[in-house]
Structure formats: C-alpha cells, structure tokens
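Visitor: Sequence:
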Amino acid sequence: MFAFFSCSGQSETDFNDDNKYKSLRQRMVETQIIRRNITDKNVLEAMRTVPRHLFVARRYRSEAYNDHPLPIACGQTISQPYIVAIMTELIQIDSLSKVLEIGTGSGYQAAVLGEISDSVYSIEIIPELADRAEELLDSLRYKS
Numbered sequence: 727m728f729a730f731f732s733c734s735g736q737s738e739t740d741f742n743d744d745n746k747y748k749s750l751r752q753r754m755v756e757t758q759i760i761r762r763n764i765t766d767k768n769v770l771e772a773m774r775t776v777p778r779h780l781f782v783a784r785r786y787r788s789e790a791y792n793d794h795p796l797p798i799a800c801g802q803t804i805s806q807p808y809i810v811a812i813m814t815e816l817i818q819i820d821s822l823s824k825v826l827e828i829g830t831g832s833g834y835q836a837a838v839l840g841e842i843s844d845s846v847y848s849i850e851i852i853p854e855l856a857d858r859a860e861e862l863l864d865s866l867r868y869k870s
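Position in the sequence shown (from 1) plus 726 gives the number in my numbering.
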C-alpha cells in the first residue's frame, strides 16, 4: 500500500507550543545546525519553525531537540536535526521548487520542506506512518 500526500506552502498556524519547546528549538538551530555551517536562511528559519517534538512519541518529547535520531513507529526513526538540515540545504530549494520525498516517516522532513517550498509531495509505504503523518501535517495546517 502506498500513501501519498502533499505539503503545499507554509503552515497557517502558530503551532501553539510553549516557550520551553521554542527555546529548545532555537538552541538546536544554534548549537547543531549553525555551528556545523548550515547557512541557508530558509533552512534555518524552517528548522526554527517546525515543532519537531510533535513528530515523536510523547515519551521522547524531552529528547526531540537533541542531536540524535529517535524511534517513531514500525521500526523506523526520525533523523537527527542536523541530517534534516543538511539534506534540505543540499537540494537548494526555494518557494517555486517541486519536491518529491520518498519515505514520509513521521512527516518532519516534509514539514521542513513545506516551510520552504510551495509544492512538496511525500510518499510513504507503511500505512500506520502515512496515516499519522498525514493527520499531524493536516493538524499543523500544511495544505494537503
């Protein structure tokens, strides 16, 4: 089974996360991303914006902004933040780019890409992951 959905444009919500997570996200960008020479302003802003803690199980939320991958479900993991940032910077996208992601996983990479590009398509073959990612991306108001 294949699940297919798209993220189009920037999210339309304030994500409603508290100052704790905003502070952790900012620190993640400064200590893990900028210090490793990621310089693309769009990538940095996307990483500052997308609430990574919502893409992991509650029991891992305290670790969501640490520099390592975390388990999501079905034996899969969410990539560490630096890997997401460098992959995003290396593909050199802008708002007019059309992006195809193979392996949606948690949906985090799709959300980061969707903060930069108006046209992101993501495919996931594991139904449980596809359903959860689609639900979460919809709740964050990424357009399907």
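Hints listed in this document are in silico derivations from the structure and should not be mistaken for laboratory results. All values reported here derive from a predicted model rather than from experimental measurement. For every residue, glycine included, the Cβ atom is placed at its ideal position computed from N, Cα and C. Any given hint could be a false lead.
[What the hints assert, rightly or not] Simulated restraints, written as ranges between beta carbons of each label pair: (1) Asn745 / Cys800: 16 to 22 angstroms; (2) Arg784 / Pro853: 28 to 34 angstroms; (3) Asp744 / Gln818: 30 to 36 angstroms; (4) Arg784 / Leu822: 35 to 41 angstroms; (5) Arg785 / Leu822: 37 to 43 angstroms; (6) Asn763 / Asp864: 32 to 38 angstroms; (7) Ser865 / Tyr786: 16 to 22 angstroms; (8) Ala783 / Ile828: 29 to 35 angstroms.
Visitor: With reference to the structure, classify each hint as holding or not holding.
Guide: Each hint, compared with the structure:
1. Asn745 / Cys800: 16 to 22 angstroms: 33 angstroms, violated
2. Arg784 / Pro853: 28 to 34 angstroms: 22 angstroms, violated
3. Asp744 / Gln818: 30 to 36 angstroms: 34 angstroms, holds
4. Arg784 / Leu822: 35 to 41 angstroms: Holds: the Cβ-Cβ distance is about 37 angstroms, inside 35 to 41 angstroms.
5. Arg785 / Leu822: 37 to 43 angstroms: 39 angstroms, holds
6. Asn763 / Asp864: 32 to 38 angstroms: 34 angstroms, holds
7. Ser865 / Tyr786: 16 to 22 angstroms: 19 angstroms, holds
8. Ala783 / Ile828: 29 to 35 angstroms: 23 angstroms, violated
Violated hints, listed in ascending order, are 1, 2, 8; each of the other numbered hints is respected by the structure.
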